[in-house]
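Residue numbers (this note's numbering), protein chains in the order written: chain A, 1 to 251; chain B, 1001 to 1440.
Hints were generated in silico from the structure; no laboratory data involved.
These numbers were taken from a predicted model, which means no experiment stands behind them.
For every residue, glycine included, the Cβ atom is placed at its ideal position computed from N, Cα and C.
Wrong hints could be hidden among the right ones.
Stated by the list, open to error - Pairwise CB distance ranges, derived in the manner of DEER restraints: (1) B:1384 x A:116: 32 to 38 angstroms; (2) A:114 x B:1383: 32 to 38 angstroms; (3) A:242 x B:1388: 32 to 38 angstroms; (4) A:114 x B:1423: 40 to 46 angstroms; (5) B:1386 x A:229: 52 to 58 angstroms.
To be verified - Dumping the calculated DMTMM-like pairs for lysine to aspartate or glutamate here, alpha-carbon to alpha-carbon at most 20 angstroms: (6) B:1364 x B:1112; (7) A:78 x A:112; (8) A:25 x A:52; (9) A:5 x A:65; (10) A:151 x A:195; (11) A:139 x B:1417; (12) A:25 x A:54; (13) A:50 x B:1387; (14) B:1340 x B:1373; (15) A:139 x B:1142; (16) A:139 x B:1387; (17) A:139 x B:1409; (18) B:1075 x B:1112; (19) B:1285 x B:1324; (20) A:50 x B:1386; (21) A:50 x B:1388; (22) B:1340 x B:1142; (23) A:50 x A:28; (24) A:139 x B:1414; (25) A:26 x A:136; (26) A:100 x B:1142; (27) B:1343 x B:1326; (28) B:1285 x B:1417; (29) B:1285 x B:1227; (30) A:151 x B:1388; (31) A:100 x A:54; (32) A:26 x A:65; (33) A:139 x A:186; (34) A:139 x B:1420; (35) B:1334 x B:1061; (36) B:1343 x B:1227; (37) A:108 x A:163; (38) B:1114 x B:1061.
Below, each chain spelled out in residue letters.
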Amino acid sequence: MLEIKNLTVQIEDRTILDRLNLTVKKGEVAAIMGPNGSGKSTLSYVIAGKADYEVLEGEILLDGENLLEMGPDERAAKGVFLAFQYPLEIPGVGTMTFLKAALNAQRKARGESELTTPDLMRRVNAAAQKLEIPRDMLKRGLNVGFSGGEKKRMEILQMALLEPSFCILDETDSGLDIDALRVVADGVNALRSPDRAFLVITHYQRLLNHIVPDSVHVMAGGRIVRSGGPELALELEANGYADYRQQDAAE
Amino acid sequence: MAAELKVVRTPAEEALTQRFPALKSALPGDAKVLRLREAAFDLIARRGLPHRRAEEWKYTDLRTLMREAAPFAEKPSSAEVAAAFNGGRAFTEVQALRLTFVNGHLTPELSDPKGCAGVEIVPLGAALASGHPLIQHFGAVETARDNAAYAINTAFMNDGAVIRVSGAVAAPLHLRFLNGGAAPFATATRVLVVVEEGASLTLVESHESSGEAGHQLNDVVEIVAGDRAAIRHVRLNAEGPKALALSTLTAKLGREVAFDTLNVVIGSAVSRHQVFATFAGEHAKLNVNGAAMLRGTQHADTTLVVEHVAPHGQSRELFKTVIDDEAVGVFQGKIIVQPKAQKTDGRMMSAAVLLGEGGTMNNKPELEIFADDVQCAHGATCGQLDEDLLFYLMARGLPRPQAETLLIEAFLGEAIEIVEHEGVREALVAVVSDWLAARH
């Protein structure tokens, strides 16, 4: 599914990702944990195609195709989805207008027919109900005036509608209370399938109680420094990141 | 020895100076109107056309932009009327009472000159010739009187209408200006709308050209709003690509008046829209909005003078300008608060988005406050589309041009959403979409 090989990334002459290697298989839920500043969010942005970063070497292959040669919109059409840590407010762009534009842009890029408005409404309403998103939220400008939890639910709604094959959740648990966390995790779990992979980026083990990963990777200093099963997350929760910070400093 | 100063006139100034004495006896109006014209002409003859050293024309040097003066348009032939009519597209879907001006001349066969219940219409020529009582309202807004574009219009105004609104009028009144012809001409139209106490009106103006001639257009709309009147005004400049369009809106607001105006610009090589508003009565509310979409080497100027004379007035100004290629936008907004206008609440904002590398935006907000218990604020921004927002939209699958289109529509939409009439608003949203579709 996703293979990251030897990825080195800079921003303003500072190396953020340093020869990073990572493989996520089809159907797998991989978690990335690590201290603040270890490069977790950079990794998610680079996979999605944000322009601020300079890729010095390496490649990111999705089903064998190099994502680094594609624009963010082409990556989205290939099935990449990033649930943002801080979803942006876009005043004046209606939520429904945005959802329709996004869905149809991807369908068009894949050579599929555009959705009609009633068809779109049915899909959006069904997905919104599962995520406990009230209808009046859909009538507002995208994310405008939404609480932190509402914004995260809106991200998962988009994910459910766009049906991506590779989903990145960037600190989706940040700013969520325990009830909102459960709703969001249920939404993600409902989308788990043998054809879809997830990269769950988190600072805390808490989210992984709700979205149980198949593999856990520890990131420090711009690399994956340790990989294991779900038990690794529990170990980190008990011991903290101190070991990895020291390792970082020793480099 | 005193040196003799010789004023060098441009060909345009020379032509205007020679033209007035030749035309003045043929222009409509009695002796009183003639004196009004002569006083206005005297202003131009003395000062010439305004240039960049005059502060209020700093960014739009009319003397340089208008080297030659085109001749005033003759009354159109029936063939010209038919051709112009076919070129008119704006607001055709909107059910409205219409007054059509072809080449600056009121064209009865394309108009509803009898008006309707609550709307009385008198052609300008007849109103001036008969000394119609409403024409005393000309120049009701003092701050406009010594303005050059307004003075040229006063000196040469040759067609238009005087309109009295005496009730709540449901259907919009559409002033449709259609300019045809291959040879450049000049216009000087004047429309005076007196909205009586408690009356209400939606007034829509469209200005379109069917050809590409470099017409020199000068239109003035004067609105006098009686106490508690409600007026919604929309203006669309969709003139031809070589037009030089000067336009002036004056508004005198009585007590508790609610007045909204929006000017949308997509046309003209050079345009300058001026708004002169005066709060003459207490507790009046004014919204002045603008949305300009400029490309190529277009130059569009918006100049506002909002004067609070009476207390408890509220004014809101919101201007949005989108600039592509090497186009130039100008916003000059002045809020004056006179000593008696306590509790004035004024807020003015001009925001511009530069899409290309070569565009320019000039923002000049000014506050002149002579009262001590007021709230006034102004802001101006100028920048590119937000890259983070573009990335968010693109990460959801929207190609960059489509992401830009969504953001620009949202940016302009904030100014346009003031329009309450659904059909008019939808027509303006379509104008924005068409402009954006032509970008790619």
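*Please name the hints from earlier in the document that this structure breaks, with their numbers sorted from lowest to highest.*
Numbers 4, 5, 6, 8, 10, 12, 15, 16, 19, 23, 25, 26, 27, 31, 33 and 38 - these are the hints that the structure violates, sorted from lowest upward.
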